[in-house]
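Peer 1: Chains as they are written, first to last, in this note's numbering: chain A, 1 to 414; chain B, 1001 to 1247.
These are calculated hints, taken from the structure and not from any lab test. Glycine included, every Cβ here is placed at the ideal spot set by N, Cα and C. Be aware that a few hints might be false.
Here are the simulated distance ranges between beta carbons [as the list claims (entries may be wrong)]: (1) Arg270/A with Phe1218/B: 20 to 26 Å; (2) Tyr1113/B with Ser334/A: 41 to 47 Å; (3) Trp1027/B with Ala22/A: 32 to 38 Å; (4) Phe1229/B with Asp339/A: 45 to 51 Å; (5) Thr1241/B with Lys10/A: 41 to 47 Å.
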Amino acid sequence: MKTIKDKVAKLSFVALLMTLSAAMLYTPTASAHGEKSQAAFMRMRTIHWFDLNWSKPVVEVNETMEISGKFHVFAGWPETVDKPEVSFLNIGIPGPVFIRAGSWIGDQLVPRSVTLELGETYSFRVLLKARRPGEWHVHTMMNVEGGGPIIGPGKFVTITGTMGSFTNELTTLTGQTIDLETWGLSNIYFWHGLWYLVGVAWLVYWCRRPVFIPRHLAVSAGKLDGLITDGDKKVAIIFFVGTIGLVLFGMGQANSKYPVTTPLQAGLMRGMVPLEMPEVSINVKVEEASYRVPGRAMQMTLTITNNGDSAVRLGEFNTASVRFLDPEVYQDDSGYPADLLADAGLSVSDNSPIQPGETRTIEVTASDAAWEVYRLSDLIYDPDSRFAGLLFFFDENGNRQMVMVDAPLIPVFI
Amino acid sequence: MSASQSAVRSRAEAVKVSRTFDYLIIWTLFMVLIGGYHIHFMLTGGDWDFWSDWKDRRLWVTVVPIVSITFPAAVQAMAWSRYRLPFGATLCVLGLLLGEWINRYLNFWGWTYFPVNFVFPSNLVPGAILLDVVLMLSGSFTLTAVLGGMAWGLVFYPGNWPIIAPLHIPIEYNGMMFTLADLQGYHYVRTGTPEYIRMVEKGTLRTFGKDVAPVSAFFSAFVSILIYFLWHFFGNWFSQTRFVQST
């Protein structure tokens, strides 16, 4: 019995050591931001990101890069998510590996929250300055109050160099040029250190003498005389006056050193100017839509009417940032993240040009592993089983029209 | 040695044991406060203390003193009632600040690389010393609640102003005016903390024009008095010794 116990103890100890070693040595890089775990309907029916461009794949510390593109605020915004009346154009990165040097919706700088209108399309750009070396997944992102973060596509960007060389120099309205990375740091350490020492001095004063047992015995016996002496009271008054004096001195000194200060700035920004999109001359009606679970494919029956003056073909279906393309109509050369691009994932039963004035019913299938990888198939478990997305039609000259689709989705399990 | 015999055999030995006990208890209490008070404060004060762009003259001034007077009141009640020791508030605040600085330096800066001048904690030491001194000189929890609680709330903003003033210098950036603290919040990306979560300059305390901080400080001081009363009762309850009668 003892031998068995010893063996169990030894093996347990080895297992513990192995676990600790594994935990310490195996530290893989986190390479995503949970975008796949966000409910599929949130990604499909809120903000649709398109025409995205990451200006550089590699930047050095202190260099800038830009993410630009457009987003469409879906008119059929789900009831379970608050409307984007208070939204913030954010960026999905693992902490401040870049600083956000600027962000714009249209031409308006948007350092604060904004109001977005349903059904409108906006252009945006985010200027980032590289700060911390590494390979980082950089996402577009819109935070919506009452809705949470709505994350867009992400692409890896590499930062080279050393973080020690990063500077964030700015000139204030009082004419000082400062490095925001370290501005005021020694002042913070000084005041915190000074006050901590004052606090420690007060503690040490009381801990010089016996602290707990004799005092507890005296208090329990009602012998309070001598526990607080006249000398103690004098020292306490010195601390009291000294504290108030130091606070007043610090405040006076700060006011004379920084005579011009302003309160923190806040407030909602309204009136974001949407893009003027070309008039849509194509009418699309979703007759039915189903998601075939075993085949990882979504099938739509669409009735399309071309009211324009040139023939068009369906080239792209974009939903939740996953792009399904028909390569015979449109090929992407923008460097869009490969895992989100099904470059031959769209098949159309009859994709010959739809002539002006023609109405045609077609079967469209969007199939790719991305349905599973990006957990869009989980849509069938969402509280509102509908899908939505952008259809892009192209004419012979490469002109593009964007049409929103939104319809119930029926899962097919067998 | 039987259970009825003393563990010490001389006065010198008793003094030595007593002092060892003092250091052990102080150290243990300090560590418990670092943990307990820190968690309490992070859950209730949270972002107001984490980020410089939350440290405004209205809600920061109001919220932080109110939620932070809790543990000092409770520990004061224990230390004064049981030991006539007037350092409960200071001990709490020093523990909290040490815990916060460890957190801010190792986690916020060392792990996620937010600059320290963006994530420094609020300074609570002046209020703690005033609270301890008022208790010691008055010997009354009522006076400590009223005068000390008031001082705790009132001294908070001026006690922190020398630290935050440099971050309130205005700057023009891409055609808009910011303070440097606002710009820190904009530059140093917090994916999980969108701008609208920031609760700054919200409220109706605008009677005195631009002098918002004193009004907020007085309001905070009044509520601190009430919270002091409540939490000093907690301190009393938790420091009672109860004996069970043997049958």
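Peer 1: Hints first: check each against the structure and report whether it holds.
Peer 2: We went through each hint and held it up to the structure:
1. Arg270/A with Phe1218/B: 20 to 26 Å: violated (34 Å)
2. Tyr1113/B with Ser334/A: 41 to 47 Å: For Tyr1113/B and Ser334/A the Cβ distance comes to about 31 Å; the hint is violated.
3. Trp1027/B with Ala22/A: 32 to 38 Å: Holds, since Trp1027/B and Ala22/A (Cβ atoms, about 34 Å apart) stay within the stated range.
4. Phe1229/B with Asp339/A: 45 to 51 Å: violated (59 Å)
5. Thr1241/B with Lys10/A: 41 to 47 Å: Hint holds: Cβ distance 46 Å, inside 41 to 47 Å.
Of the numbered hints given earlier, the model fails hints 1, 2, 4; all others are met.
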